[in-house]
Structures are given as C-alpha cells and as structure tokens.
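Engineer: Sequence:
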Amino acid sequence: MVNSFIAKKDLDSEFSVVRNEFESGENSPSRVLMERVLSSAYLWHNYGKSTIGSKEDIERVPIDNLKAFYQRYYQPDNAVLLVAGKFDEAKTLQLVAKHFGAIPKPTRKLPKLWTVEPTQDGERSVVVRRVGDQQVVIVGYKVPSVLHADAVALAYASEVLGDAPSGRLHKALVETGKAAQVSAGSQDGIDGSLFVTYAIVKKGDPVEPVRDEMIRIVEDFANNPPTPAEMERTRIQMANSAEQAMTDHESIGLALSEYIALGDWRTFFLQRDEQQKVTAEQVQAVSRKYLLRDNRTVGLFLPEATPHRAEIPQAASAAELLKDFKPKADVAVAEAFDPSPENIEKRVKRLEIAGMKIALLSKKNRGETVSFTMNMPAGDEKTLFGQDAIGTLTGAMMSMGTSRYSRAELRDEFTKLKVTGSVSGPGASFETTRPNIVAAIRLAAHVLREPSFPADEFEQLKKLMVTSIEAQLSDPSARASEAMARQFNIYPRGDPRYVSSLQERLDGIKAVTLDDVKRFHKTFYAANRAMFAVVGDFDEAEVTKAIQENFATFRNDTPWKRITREYRDIPAKNISIETPDKENARFIVRMNLDVNQNDPDYAALYLADYILGGGAGFDSRLTARIRVKEGLSYSVGSQAAGTIFDRAGSWMAQAIAAPQNVAKVETALHEELDKALKGGFTNEEIAKAKSGFVQQFAQNRAQDEWLAGRLLSHLDSGRTLLTWDKAFETRMLAVTPESARAALRKFLDPAKLTIVKAGDFAKAAKAK
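Under my numbering, the first residue of the sequence shown carries the number 1, and numbering increases by one thereafter.
Please note that the accuracy of each hint is not assured.
[Unchecked claim] Here are the computed lysine-lysine pairs in the DSS-like style, where the Cα-Cα straight-line distance is at most 25 angstroms:
#	residue 1	residue 2
1	K510	K463
2	K328	K277
3	K690	K726
4	K178	K203
5	K346	K86
6	K561	K357
7	K629	K664
Please keep in mind that the hints were generated in silico from the structure rather than gathered at the bench. All values derive from a computational prediction rather than experimental measurement.
Between the sequences and the hints, there should be enough to build the whole structure, so can you do that?
Structural biologist: What follows is the structure, given as structure tokens:
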C-alpha cells in the first residue's frame with residue numbers, strides 16, 4: 001500500500017502496455033462513441049473524461065506525477081478492504097490488523113472536488129466517423145446521482161425501455177427491422193449519472209429514423225407510464241438479480257465494491273429493498289423531470305428561445321440515507337463442501353435412462369442454487385454436411401418462442417423460475433434454485449421439443465447475426481483469427497469441420513430459410529444420446545424423474561457417429577493483413593501437434609506451456625518479457641491443446657499490440673521460445689507452476705457451473721475426476737525440469753510456426 005517503488009524504469013515499459021490497452025478500446029465503435037457522448041454531456045466534470053485518459057497523457061505522464069498521486073491516494077484512510085467467500089473471520093481480522101494496522105496514519109489531507117456540472121442548456125450532438133461495419137446510436141440524458149431518491153425509479157424506466165424482447169425500444173425498433181439490437185442503462189456516479197439508450201443499426205440502413213424513434217419513445221415516456229405488466233416484470237427481474245448476487249461471493253463482493261465507491265456498502269441493500277416499492281407514478285414523474293429535449297446528448301445544437309431545463313438535485317449522503325435503514329434477513333448459508341476429486345466422486349451419482357447419461361451431485365448451497373447443463377449429440381459427417389449455418393440459426397431460435405409461449409412470454413417464464421443462462425441448440429446450461437429446478441427442467445424440455453419458429457423473430461435474428469458478422473470484417477482480431485483458422489483448414493466446404501470465411505458465414509446466414517431451420521430441428525434435435533449434469537441444491541429423485549419424464553420420449557432415428565479430426569502437418573506461413581484505421585493490432589502464431597491427452601508426456605507439455613505463457617500469469621515467460629519488461633502488449637499468452645478422441649492437437653500464442661510494435665512482439669516470442677527449448681526451466685519455475693495448477697483446478701471444482709460442465713464432459717469421454725483429473729494432477733506433480741524441456745522439444749518446432757498479424761501497418765510505417 002505504501003512501499004511500492006513507482007520507479008522510472010517500470011514506467012518506461014508499463015506506459016506502452018497501458019497505451020496498448022487504450023488502443024484496444026479504440027477498435028470498438030460502441031466504446032469510442034460512448035466516450036464521445038460522455039465528453040459532450042459533461043463539459044466540466046471529470047465524468048466527461050475516460051478513466052484511461054488520452055494516448056498523449058499516457059505517453060507523457062512524468063514519473064514524479066505518478067509518485068505524487070500514489071503517495072496521496074494509496075493510503076489506509078482512503079481504502080476499504082473487502083473479503084468475500086469462505087474464510088475464518090477472526091483470523092482474517094487479525095491479519096488485517098497486523099499488516100494494515102502497522103501503516104501510519106497519513107498527515108496529508110485529500111483534496112476535495114469542487115467542480116459542479118452546470119445545467120445543460122440545449123441538446124448536444126457528436127458524430128464519430130471511422131472505418132467500421134456497423135452503425136451505433138446512443139442517446140443520453142443527465143440524471144441525479146445513484147444515491148438520489150429518483151435513481152431507483154429511473155432504473156425501472158431503463159428496464160421498461162431497454163429490455164429484450166419485452167422492452168418498448170425492442171418492439172418499436174428491432175421487431176420492425178429498423179435496428180438489429182437495442183438496450184438501455186446508466187453510467188452511474190456519485191455526482192450524477194447518464195441515462196443511456198443504445199441501438200445497433202445494420203450498415204447501409206438509415207440511421208436517422210432509429211435516432212428519431214428512440215428520442216420519441218424516451219421523451220414521450222412521461223405521457224405513457226409503465227403498465228402493470230411492465231412494472232411486475234421489472235420488479236421480478238430486479239429481485240432475482242439481487243438474490244442471485246447474494247448467492248455468489250464473487251458477485252456480491254464486486255457489487256459491494258461499487259457501492260463502497262458511492263460512500264457505503266449498505267446502500268446496495270437499501271436500493272435492493274427500495275426497488276420493490278417503486279410505483280408507475282414515480283417512474284412517470286422522474287421521466288417528466290429528466291428525459292427532456294434540452295437535457296439530451298445526441299443531436300445538433302439549436303438555439304431555443306424557451307429552453308426546458310432539467311435541474312439535477314443534490315443527493316443525500318449515504319449516512320443520511322442509511323440512518324433508519326434495517327436490511328432484510330440474509331439468505332441461507334452453504335455447507336462446507338470439500339471440492340477434492342475424492343470427495344466429489346464419493347458424492348456424485350451416475351446413471352443411464354433410455355440411453356441418456358446423467359451425473360448428479362447434490363449439496364447444500366447458499367441461496368439454494370443449482371447448476372444444470374445438458375447436451376444432445378446427433379448426426380455424423382454425412383448428415384451434417386452443409387448444415388453449419390442452419391444449425392447455428394436453429395440453436396439461436398430455441399429461445400424465440402414455443403407452441404405455448406411467445407418470445408416475451410418465454411422470457412417471463414424463465415424469469416419467474418429464477419433461471420439465468422440459456423436453452424439453445426442442441427442443449428441447455430443454466431442456474432436456478434432448488435424450488436424451481438424441476439419446473440425449469442420441464443420448461444427447458446418444452447423449449448427444445450416444441451419451438452414455434454416465428455417468422456418475424458427469424459428475420460430479426462438473421463439481421464442481428466448479419467450485422468454481427470459484418471462488424472468483424474474490419475476488426476483485426478476477427479480477421480487474424482479467420483486467416484489462421486483458414487490456413488489450418490483441411491476439410492472441404494460443407495464438411496462439419498470446415499472453417500468458413502467471414503464472407504462465407506455471412507452468405508450462409510443470409511441463405512438459410514425458415515423451412516431449413518424447421519427441418520434441421522426435426523432431424524437432429526432428440527435426446528437419444530443426451531447427457532445431463534446437475535450440481536447444487538436439489539433433490540436427486542425429483543430431478544431424475546423430471547429428466548426421465550420430459551426427455552426419455554424425445555427421440556428420432558437420425559444416425560450418430562462422433563466426428564473426429566485428422567492431425568496434419570501444415571507448412572509454416574507468415575501472413576499480414578491490413579485493417580485500416582485500427583489503432584490496435586492482433587498477433588497469432590500456431591502449429592499443429594500430433595498429441596492426445598492420454599500420451600505419457602502430455603502432462604509435461606502442459607506444464608511447460610503453463611510456464612511459457614499458458615497459465616502462470618505475470619510469472620509466465622511471455623508475459624514477463626513482452627508485457628512487463630518491454631511493455632509491448634496488454635494481453636499475451638499461449639495454449640497447448642491436447643485432444644481427447646483423436647490426435648489433432650495444437651499450440652497457439654497470441655498478443656495484442658500497437659501495429660508498430662508487432663515486429664518486436666514477434667521477435668520476443670521467438671527468442672523466449674528458443675530460450676525455453678535450449679535451456680529448459682528452473683526448479684523454481686516448475687514448483688511454482690505445479691502449485692498454481694493445483695490451486696487453479698481446486699478453485700474451478702468449487703464452482704458449480706464449472707463442475708457441472710466437467711461432469712458432462714466426463715460422461716461423454718467415460719472419465720471420472722479420479723481416473724482423469726486426479727490422475728492427471730499426479731502426472732503433473734511428477735514432471736521435472738528435464739521432462740518438461742524434453743516434451744517441449746518433442747512437440748514444438750519454431751520453424752513450423754504459422755504467423756498471422758492484422759492491423760494498420762501502413763499507417764504505422766508512414767508514422768515511423
């Protein structure tokens with residue numbers, strides 16, 4: 001907290017890393033536009049300045065300024081320590097007192113912010129013109145601090161307007177085909193907030209009607225208050241969201257940290273309780289006060305003789321808000337669950353019903369949460385030939401309506417059952433609670449068995465997918481990934497393993513008809529070989545019965561055979577792709593590996609890659625060299641991937657960087673790989689990697705969603721956590737520096753690396 005060096009030598013490397021992070025954000029049209037809207041809405045307050053700052057400030061900030069900032073703010077009287085999860089409270093407080101209590105109380109006084117944003121005196125506009133493949137519309141209105149009494153009612157307004165598929169904007173813009181996607185929300189702060197509505201419009205479609213319709217709907221909201229159904233739907237969604245946050249220590253910890261920044265963590269619970277008291281009249285009232293033309297940031301400035309001002313009132317302090325507040329009782333606690341493979345295997349139950357494989361692990365959870373995941377394998381190389389785009393659209397259409405429910409009604413049913421996750425094709429993965437799991441399984445089965453495939457929703461979905469793919473056509477990451485995948489493609493077009501280009505994906509989506517989707521569902525959706533994994537707070541007999549009753553008769557005669565991949569040695573190639581007007585570049589390397597997870601030396605290869613760039617974080621060699629030492633990349637790493645059912649493995653590494661730094665990244669990667677191949681790894685590196693691996697997977701097993709996915713995968717492969725996870729950990733712990741180096745030398749050959757880089761290299765060369 002008070003002893004960091006803040007040294008000049010560290011700034012020299014880190015400033016370019018932060019600059020690279022800044023440049024990666026500059027590739028996003030939505031993020032860039034939001035930054036411009038904020039800077040136009042807030043002329044004086046710092047809310048108009050992005051947190052990361054400008055590129056010039058990043059490059060020029062003096063080390064003395066950083067030291068002064070650190071010494072002023074990184075002090076115990078300006079910090080809050082938050083611990084969430086399973087821990088010994090008394091011991092934790094002792095450690096906090098020991099390590100933080102020894103830090104002297106600072107004598108300096110923190111500066112007070114004196115800037116107050118003046119009342120806006122007319123509509124404002126901003127236009128960003130850059131290379132891109134989608135259009136974005138944002139309309140914002142300044143509203144009071146999230147601590148103000150009006151904030152909760154404004155949150156209702158954003159849900160009623162921006163929800164999909166029930167929101168007013170969605171119905172007016174997406175369902176009519178004017179926009180591909182809409183949403184609403186707020187940029188919250190202690191001194192004020194920005195109420196935002198957002199729309200994505202397909203390139204080539206007119207933007208002005210979307211902007212005008214958004215403005216009309218938002219600013220006419222005061223004349224059309226929320227209906228009882230809209231209020232109830234929003235009330236349930238907010239209650240579910242707060243309840244779900246309380247069932248996960250990471251979620252509630254992050255949520256409370258946001259409210260700590262507002263003055264007091266208890267404000268989270270105050271607002272949770274106040275949300276359930278909001279009336280339609282209150283929502284109408286706040287809409288009339290703040291959603292005004294002259295408080296809008298989107299259009300051009302126009303002189304006005306009689307402007308309509310929106311005065312932003314001051315909010316009470318957190319202390320004043322909480323002086324009489326008494327929160328509701330907390331949710332039930334969880335059992336002290338041991339996530340070791342031995343204990344999991346003692347408690348997991350596996351069974352087979354009508355060809356369906358099921359894995360169940362029941363345990364007491366905080367909030368009675370339960371994770372459910374399933375998959376329905378179907379088809380083979382022949383029957384799935386040429387079906388890629390059709391299958392994608394079929395899976396996405398599962399949530400668009402059924403024989404009993406419209407899309408909006410289906411969304412409401414899942415909300416009532418406290419379901420978070422998705423039912424798509426062919427399968428489902430979601431979380432709910434013990435009282436709702438049986439009904440949720442029944443509803444998921446209904447969705448998968450009886451989709452209605454409404455024509456209007458199909459056209460909306462196609463338009464959204466087309467817009468999404470078009471947005472990738474000028475994106476360096478998408479273009480680099482496409483080129484790499486295409487370079488390693490060895491299958492003919494139409495084969496289920498074929499890698500389509502972005503343009504082929506675009507053409508494929510456009511060509512799919514509603515009849516294609518209906519036929520695909522009838523042919524491939526069935527539970528003949530379905531696999532289910534359920535982890536959490538549930539009754540095993542009830543869940544087993546629900547699966548049997550709802551899926552056992554869901555069958556067809558379509559043949560199934562596992563589709564495997566062939567290992568092939570692909571010649572090395574160096575590919576450079578120009579993506580004009582993009583500040584950030586993408587760098588990827590890959591080579592195929594003739595390896596299977598059951599190979600005796602796979603554990604050694606995995607650990608060697610873990611040290612090189614796969615999981616050791618800042619201790620990994622690629623991160624230590626490319627990010628920490630040379631400051632070239634914000635994100636860099638590698639992955640050695642062995643397969644389960646074939647030998648088509650691969651090794652990949654990736655980084656983002658400024659276009660002018662990509663050559664340096666390439667050089668550094670080759671040097672670090674050569675160093676590892678020649679010199680191997682130290683005993684200390686091997687020991688740290690083993691410890692990190694063991695801790696990482698222990699933490700994963702403690703997460704129900706991850707564990708459910710793991711059990712599902714093991715049902716497919718015939719593994720268990722003892723025969724595979726524990727056995728692999730034992731093999732990992734036996735790896736030596738010599739065996740790690742030998743595995744790396746056996747599988748990796750720098751001469752076989754294909755390199756793909758995408759960015760605005762022409763602009764970088766010109767600047768140089």
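Engineer: If you draw a straight line from the CA of K629 to the CA of K664, is it 25 angstroms or shorter?
Structural biologist: With a Cα-Cα distance of about 12 angstroms, the restraint between K629 and K664 holds, given a limit of 25 angstroms.
Engineer: CA of K178 to CA of K203, is that 25 angstroms or under?
Structural biologist: Status holds; Cα separation ~11 angstroms.
Engineer: Starting from K561, check that the Cα of K357 is at most 25 angstroms away, please.
Structural biologist: Between K561 and K357 the Cα gap is close to 17 angstroms, so the pair holds against 25 angstroms.
Engineer: What's the verdict on K510 and K463, does the C-alpha distance respect the 25 angstroms limit or exceed it?
Structural biologist: 8 angstroms, holds
Engineer: For the pair we were handed, K690 and K726, check the Cα-Cα distance against 25 angstroms.
Structural biologist: Within the cut-off at roughly 13 angstroms; holds.
Engineer: K346 and K86 were given as a pair; does the straight-line alpha-carbon distance stay at or below 25 angstroms?
Structural biologist: Holds, at roughly 22 angstroms.
Engineer: For K328 and K277, compute the direct alpha-carbon distance and say whether it is at most 25 angstroms.
Structural biologist: Measuring from Cα to Cα gives roughly 14 angstroms; hence the hint holds.
The earlier numbered hints are all upheld by this structure, with none contradicted.
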